[in-house]
Amino acid sequence: MNYNNEMNLSFISRSINESFARAAVSAFAAQLDPTLEELEDIKTAVSEAVTNCIVHAYPDRVDRIYIRARLFEDNTIEIVIRDKGVGISDIDKARAPMFTTGGGERSGMGFTIMESFMDSLKVKSKQGRGTTVIMRKRISMRYAGRIGA
Amino acid sequence: MNYNNEMNLSFISRSINESFARAAVSAFAAQLDPTLEELEDIKTAVSEAVTNCIVHAYPDRVDRIYIRARLFEDNTIEIVIRDKGVGISDIDKARAPMFTTGGGERSGMGFTIMESFMDSLKVKSKQGRGTTVIMRKRISMRYAGRIGA
Amino acid sequence: MKIISTKREGELKIAFEGELDHHAARSALSRISQLIDIELPRKLVLDLSSLSFMDSSGIAIIVHSYRRMNELEGSLVISNVPGQAYKVLSAAGINRIIQVDKALV
Amino acid sequence: MKIISTKREGELKIAFEGELDHHAARSALSRISQLIDIELPRKLVLDLSSLSFMDSSGIAIIVHSYRRMNELEGSLVISNVPGQAYKVLSAAGINRIIQVDKALV
Ligand SMILES: Nc1ncnc2c1ncn2[C@@H]1O[C@H](COP(=O)(O)OP(=O)(O)O)[C@@H](O)[C@H]1O
Ligand SMILES: Nc1ncnc2c1ncn2[C@@H]1O[C@H](COP(=O)(O)OP(=O)(O)O)[C@@H](O)[C@H]1O
Numbered sequence: 001m002n003y004n005n006e007m008n009l010s011f012i013s014r015s016i017n018e019s020f021a022r023a024a025v026s027a028f029a030a031q032l033d034p035t036l037e038e039l040e041d042i043k044t045a046v047s048e049a050v051t052n053c054i055v056h057a058y059p060d061r062v063d064r065i066y067i068r069a070r071l072f073e074d075n076t077i078e079i080v081i082r083d084k085g086v087g088i089s090d091i092d093k094a095r096a097p098m099f100t101t102g103g104g105e106r107s108g109m110g111f112t113i114m115e116s117f118m119d120s121l122k123v124k125s126k127q128g129r130g131t132t133v134i135m136r137k138r139i140s141m142r143y144a145g146r147i148g149a
Numbered sequence: 001m002n003y004n005n006e007m008n009l010s011f012i013s014r015s016i017n018e019s020f021a022r023a024a025v026s027a028f029a030a031q032l033d034p035t036l037e038e039l040e041d042i043k044t045a046v047s048e049a050v051t052n053c054i055v056h057a058y059p060d061r062v063d064r065i066y067i068r069a070r071l072f073e074d075n076t077i078e079i080v081i082r083d084k085g086v087g088i089s090d091i092d093k094a095r096a097p098m099f100t101t102g103g104g105e106r107s108g109m110g111f112t113i114m115e116s117f118m119d120s121l122k123v124k125s126k127q128g129r130g131t132t133v134i135m136r137k138r139i140s141m142r143y144a145g146r147i148g149a
Numbered sequence: 001m002k003i004i005s006t007k008r009e010g011e012l013k014i015a016f017e018g019e020l021d022h023h024a025a026r027s028a029l030s031r032i033s034q035l036i037d038i039e040l041p042r043k044l045v046l047d048l049s050s051l052s053f054m055d056s057s058g059i060a061i062i063v064h065s066y067r068r069m070n071e072l073e074g075s076l077v078i079s080n081v082p083g084q085a086y087k088v089l090s091a092a093g094i095n096r097i098i099q100v101d102k103a104l105v
Numbered sequence: 001m002k003i004i005s006t007k008r009e010g011e012l013k014i015a016f017e018g019e020l021d022h023h024a025a026r027s028a029l030s031r032i033s034q035l036i037d038i039e040l041p042r043k044l045v046l047d048l049s050s051l052s053f054m055d056s057s058g059i060a061i062i063v064h065s066y067r068r069m070n071e072l073e074g075s076l077v078i079s080n081v082p083g084q085a086y087k088v089l090s091a092a093g094i095n096r097i098i099q100v101d102k103a104l105v
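As you go down the protein sequences, you meet chains A, B, C and D in turn.
Residue numbering for the first sequence follows my numbering, starting at 1 and increasing by one per position.
Residue numbering for the second sequence follows my numbering, starting at 1 and increasing by one per position.
Residue numbering for the third sequence follows my numbering, starting at 1 and increasing by one per position.
Residue numbering for the fourth sequence follows my numbering, starting at 1 and increasing by one per position.
Treat the hints loosely; a few may be bogus.
Claimed, not checked - Result set (BS3-like, lysine-lysine): computed pairs, CA atoms no more than 25 Å apart in a straight line:
no., chain 1, residue 1, chain 2, residue 2
1, D, Lys87, A, Lys137
2, B, Lys137, C, Lys87
3, D, Lys2, A, Lys93
4, A, Lys122, D, Lys87
5, A, Lys122, A, Lys93
6, B, Lys93, C, Lys87
7, D, Lys87, D, Lys7
Claimed, not checked - One-sided excerpt, in silico: chain A residues whose CB lies under 7 Å from chain B:
no., residue
8, Asn8
9, Ser10
10, Ile12
11, Ala23
12, Phe28
13, Val86
14, Gly87
15, Gly104
As the list claims (entries may be wrong) - Listed below are several chain D residues computed to face chain A (Cβ distance under 10 Å; list not exhaustive):
no., residue
16, Asp21
17, Ala25
18, Arg26
19, Val45
20, Ser49
21, Ser50
22, Phe53
23, Ser57
24, Gly83
25, Gln84
26, Lys87
27, Gly93
28, Ile94
29, Ile98
30, Gln99
31, Ala103
Just so you know, the hints here were simulated from the structure itself, not pulled from any lab data.
Using N, Cα and C, we set each Cβ at its ideal position, and we do this for glycine too.
Bound-form chain A, shown alone (with noise of 0.2 Å):
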């Protein structure tokens, strides 16, 4: 299908960064006319996401992390976020509920968060190369005819 609209947002791994790209893509989101609602689940499946990369792709450096959003024709949002990190080892196992390998100040519930919250999540990785995380949501259409500029 095609995009009618899309941003690249490159950051360096510091946590205050976190409310940043929420920010980022929740300004870039609007332009689909959510509710408040829609826009605080897309916040807080990117704020996992990119906690993610801060917290277990680089546990010990600072590095870049990737975002790029794109609109597409059906009203959906697509948000890639992209790290060159550690990698993960078994997808399934990370994904499931409760499963963290990050102590006691990680919930495991990251994977499980962006799944309920969006309409689709792909988790691509290989180890010592980095992890790419896709995340769809559609966005009810309360309007005809928004994005046009």
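Could you slot chains B, C and D with the ligands onto chain A? The hints should help.
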């Protein structure tokens, strides 16, 4: 000087992205704890530079606009806005108040506003290759050591 | 951005709501031109009180309205201008040519 | 994020204000642990009414508080939970283990 934080953003040159660009840079600048007025100054300058890319750099096509923002140790934000568009043949003339090649829909005050809302403005351009605008603003220190993460 | 117009005894008031940038300016400009052409007011008031943001695209609209009101030998007032928009108009020197009334904070 | 604590007759109330994400969580966790250790409350109330955002980092904090209160044979209540945070807690099934009171809208 060392910078504490950096983000890179790119998006396509559709006018609907003007407000997104303002919001994204402003969410990043918020890390320096600016006053509301300082934040509005930054938004205004970003809006002028991004509009110039959309209107002047890519008059007949949609192409990419690049923004890099950095936060420096002395509480300065540097914003670089770059296009690969038509370029500017005479930069001094272009920077003069009221000069515009945009007709009745533009005021010719874009560069003037960037200059007066930011502490410094540098413009580099090569005809047929594109334009780079570099702006800096020092944010007043209200408390000490707020950027530390 | 939203535009609300009201007419009373030769005075046309056009109020803006939201963000007036280049994206919003094109439709705003044609709407204002149309309103002036229909109403032919003696006095035009642009009410900026509900503008949360304005950049130089707003200046182009104001200058256009000024020229049009001069042709009609009428007057133009920019009223209730919020801080950010006022700073934009001042940086451009508009307040030296056109009556600009700052919003009371 | 801001943390405000009040103690009254064996009940310790800790209120959060702002955004509770991983960035805010580390200092919040050590602050809460400290407060519990000092006050040794019979009942701990985490008041989320002024949270504008919370992600799974908040769950880790709540689970930690729950374990600590179990050790002290006390109780834990999560109160005034705004919509977004409530959805996070529900997705994680926390409301099936710990008493979570939604904010009245
Ligand atoms: N970007 C990533 N890079 C490396 N490992 C990851 C990444 N994202 C998730 N993981 C792994 O998957 C596990 C589960 O992630 P998640 O469900 O988000 O919960 P949590 O972040 O609380 O551990 C993590 O503990 C980690 O081992
Ligand atoms: N990114 C750019 N690419 C090409 N030309 C530009 C660019 N930015 C500015 N210019 C030129 O400089 C002129 C003055 O710009 P500016 O002061 O921002 O006013 P305005 O945008 O209202 O014309 C423009 O009319 C245009 O000719």
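Hint check:
no.	hint	in the structure
1	Lys87/D x Lys137/A	holds, 17 Å
2	Lys137/B x Lys87/C	holds, 17 Å
3	Lys2/D x Lys93/A	violated, 35 Å
4	Lys122/A x Lys87/D	holds, 21 Å
5	Lys122/A x Lys93/A	holds, 14 Å
6	Lys93/B x Lys87/C	holds, 24 Å
7	Lys87/D x Lys7/D	violated, 28 Å
8	Asn8	holds, 5 Å
9	Ser10	holds, 5 Å
10	Ile12	holds, 6 Å
11	Ala23	holds, 4 Å
12	Phe28	holds, 5 Å
13	Val86	violated, 21 Å
14	Gly87	violated, 23 Å
15	Gly104	violated, 20 Å
16	Asp21	holds, 5 Å
17	Ala25	holds, 7 Å
18	Arg26	holds, 7 Å
19	Val45	violated, 21 Å
20	Ser49	violated, 16 Å
21	Ser50	violated, 16 Å
22	Phe53	holds, 7 Å
23	Ser57	holds, 7 Å
24	Gly83	holds, 7 Å
25	Gln84	holds, 4 Å
26	Lys87	holds, 7 Å
27	Gly93	holds, 8 Å
28	Ile94	holds, 9 Å
29	Ile98	violated, 13 Å
30	Gln99	violated, 18 Å
31	Ala103	violated, 14 Å
Of the numbered hints given earlier, the model fails hints 3, 7, 13, 14, 15, 19, 20, 21, 29, 30, 31; all others are met.
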